[in-house]
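Peer 1: Heads up: the protein sequence lines correspond to chains A and B, in order.
Under the numbering used here, the first residue of the first sequence is numbered 39, with each subsequent residue one higher.
Under the numbering used here, the first residue of the second sequence is numbered 22, with each subsequent residue one higher.
To be clear, the hints were calculated from the coordinates, so they are not data collected in a lab.
Hints are not guaranteed to be accurate.
[Stated by the list, open to error] To spell it out: a stretch of chain A is covered by chain B in this simulated footprint if at least three of its residues, at any positions, have a beta carbon under 8 Å from a beta carbon of chain B; those stretches are: (1) 51-63; (2) 123-132; (3) 142-152; (4) 173-181.
[Stated by the list, open to error] Every beta carbon over 10 Å from chain B, so not counted as near; a handful from chain A, in silico: (5) Ala-40; (6) Ser-73; (7) Ala-104; (8) Leu-230; (9) Glu-232.
Using N, Cα and C, we set each Cβ at its ideal position, and we do this for glycine too.
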Amino acid sequence: MAVAIFDYGVGNIFSLRAAFSREGVESLVTADMGSVREADALVLPGVGGFASASSALPKEEIRRLAGEGKPLIGICLGLQLFFEESEEGPGAGLGLFPGKVRRLPPRVKVPHMGWNTVTVRKRDAITDGVADGSWVYYAHSYHPPEVGDGLVATTDYGVEYPALVRRKNVVGLQFHPEKSGAAGRRILRNILKELV
Amino acid sequence: MKGVSFEGLRDAGDPAELAVRYRDEGADEIVFLDITASISSRKPIAGLIRRVASDLDIPFTIGGGVAGAEDAKSILDNGADKISLNTAAIENPSLVTELSDLYGAQCVVVAIDAKRSASGVYEVFGRSGTSGTGMDAAAWAARAERLGAGELLVTSIDRDGTKAGYDLRLLKETTGRVNVPVIASGGCGRPEHFLEAFREGGCDAALAASVFHYGELTISEVKEYLSARGVLVRR
């Protein structure tokens with residue numbers, strides 16, 4: 039099994055690759071859509087800013103691949119790119135989910151950096167074995183807007199927002215599974231088992 | 022490595038193996054500080070960082086000897102989550118801003134070593150606690166936040182290694198001035214010291230080294246203690 043981690047041209051994805059490697063999954067970091075098509079899944083990682091990532095993404099092609107059933111996994115910023123736009127900066131997201139990514143409210147410390155709990159809202163194979171209230175690790179300043187039936191889990195930090203979303207072959211995580219200890223391992227393993 | 026009042030350093034074992042052991046015992050985050058790196062002109066070791074990042078699935082910070090943007094890039098490229106700046110931030114404050122703009126404030130920790138003077142003022146020291154700066158700790162903390170630090174690691178030089186408890190006044194003065202997370206450091210000896218750092222010091226996290234390295238406390242017993250007293254901890 040091999041996943042393609044999309045290369046926006048910035049940031050550190052060593053830890054994410056190490057997490058896939060611990061699950062016995064090869065990863066390559068690429069912006070070449072030929073390589074992406076050959077991979078078993080496409081991962082949009084959580085590094086960099088919305089505007090620069092948006093301009094690096096071949097959005098039309100990724101939407102098409104997702105529509106054809108290619109597993110698509112978005113982590114942190116990667117999940118935020120599933121939406122139409124973001125308060126963080128200009129540029130369009132993929133529009134796989136409607137709405138605009140928002141900045142975390144000023145009443146809490148931003149960035150939200152650290153461990154927080156998730157509340158499971160809908161039973162799904164990707165939360166199999168993950169207890170309600172499990173702790174996961176966050177490092178972000180913006181959060182996804184409400185999603186309708188794609189909502190799997192939420193987190194509360196000044197505002198309640200989606201932590202885990204899924205629509206068929208498209209899965210997004212606002213937290214970093216590669217930094218979330220046992221809960222992160224379990225969720226990543228579930229996603230790979232279910233989608234890939 | 023962990024020092025006692027910055028002198029008489031003892032080797033506490035292989036850092037990567039220790040990190041995994043602490044992860045398994047319930048540590049929420051690991052901070053690797055080579056606290057004498059700047060005065061010895063030592064650089065953070067890329068090989069060690071990669072080894073840690075390959076095995077560890079909780080966040081970790083690397084500090085000590087980070088002198089410029091190249092060092093920071095190497096640390097993050099090798100899988101660390103955060104860089105801790107101490108002497109470099111004092112001597113070149115614009116580096117904090119540069120790294121914060123480049124990688125995001127969440128990657129940039131400013132470590133502040135402070136010593137209490139006879140008049141009761143906390144002075145910031147650089148170069149492993151050997152070089153006084155004349156700066157007030159809380160004022161430097163507030164400036165570090167404005168420069169772009171996403172987190173502050175505040176160590177009491179006086180308390181470090183003493184196990185007498187964190188310097189709560191230092192912590193309180195600092196947390197009162199900033200709106201980023203503050204990690205208490207220096208002086209932890211008992212579970213109640215953690216509780217004090219949160220309740221009285223206003224800290225978001227607390228760091229301990231020697232008590233864990235030398236097996237005097239376990240992370241799980243500390244968490245149990247805190248949880249029983251109403252502190253929300255990850256378990």
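Peer 1: For each hint, tell me whether it holds in the structure or not.
Peer 2: Hint check results:
Coverage of the stretch 51-63 of chain A by chain B holds [criterion: at least 3 residues with CB-CB distance below 8 Å; count 6]. As drawn, the stretch 123-132 of chain A meets chain B at 0 residues by the rule of a beta-carbon pair under 8 Å; below three, the given contact is violated. As drawn, the stretch 142-152 of chain A meets chain B at 4 residues by the rule of a beta-carbon pair under 8 Å; at three or more, the given contact holds. Under a criterion of three residues with beta carbons nearer than 8 Å to beta carbons of chain B, the stated coverage of the stretch 173-181 of chain A is upheld, 5 such residues being counted.
For Ala-40(A), the requirement that its beta carbon stay farther than 10 Å from each beta carbon of chain B is met, with the minimum near 18 Å. Listed as a non-interface residue, Ser-73(A) keeps its Cβ farther than 10 Å from every Cβ of chain B; the least gap is roughly 21 Å. The beta carbon of Ala-104(A) sits about 27 Å from the closest Cβ of chain B, which is more than 10 Å, so the claim that it is off the interface holds. Leu-230(A), annotated as away from the interface, keeps every beta carbon of chain B farther than 10 Å; the closest lies near 15 Å.
Distance check for Glu-232(A) against chain B: the nearest CB is about 20 Å away, which clears 10 Å, and the non-interface claim stands.
In summary, the one numbered hint that this structure violates is 2.
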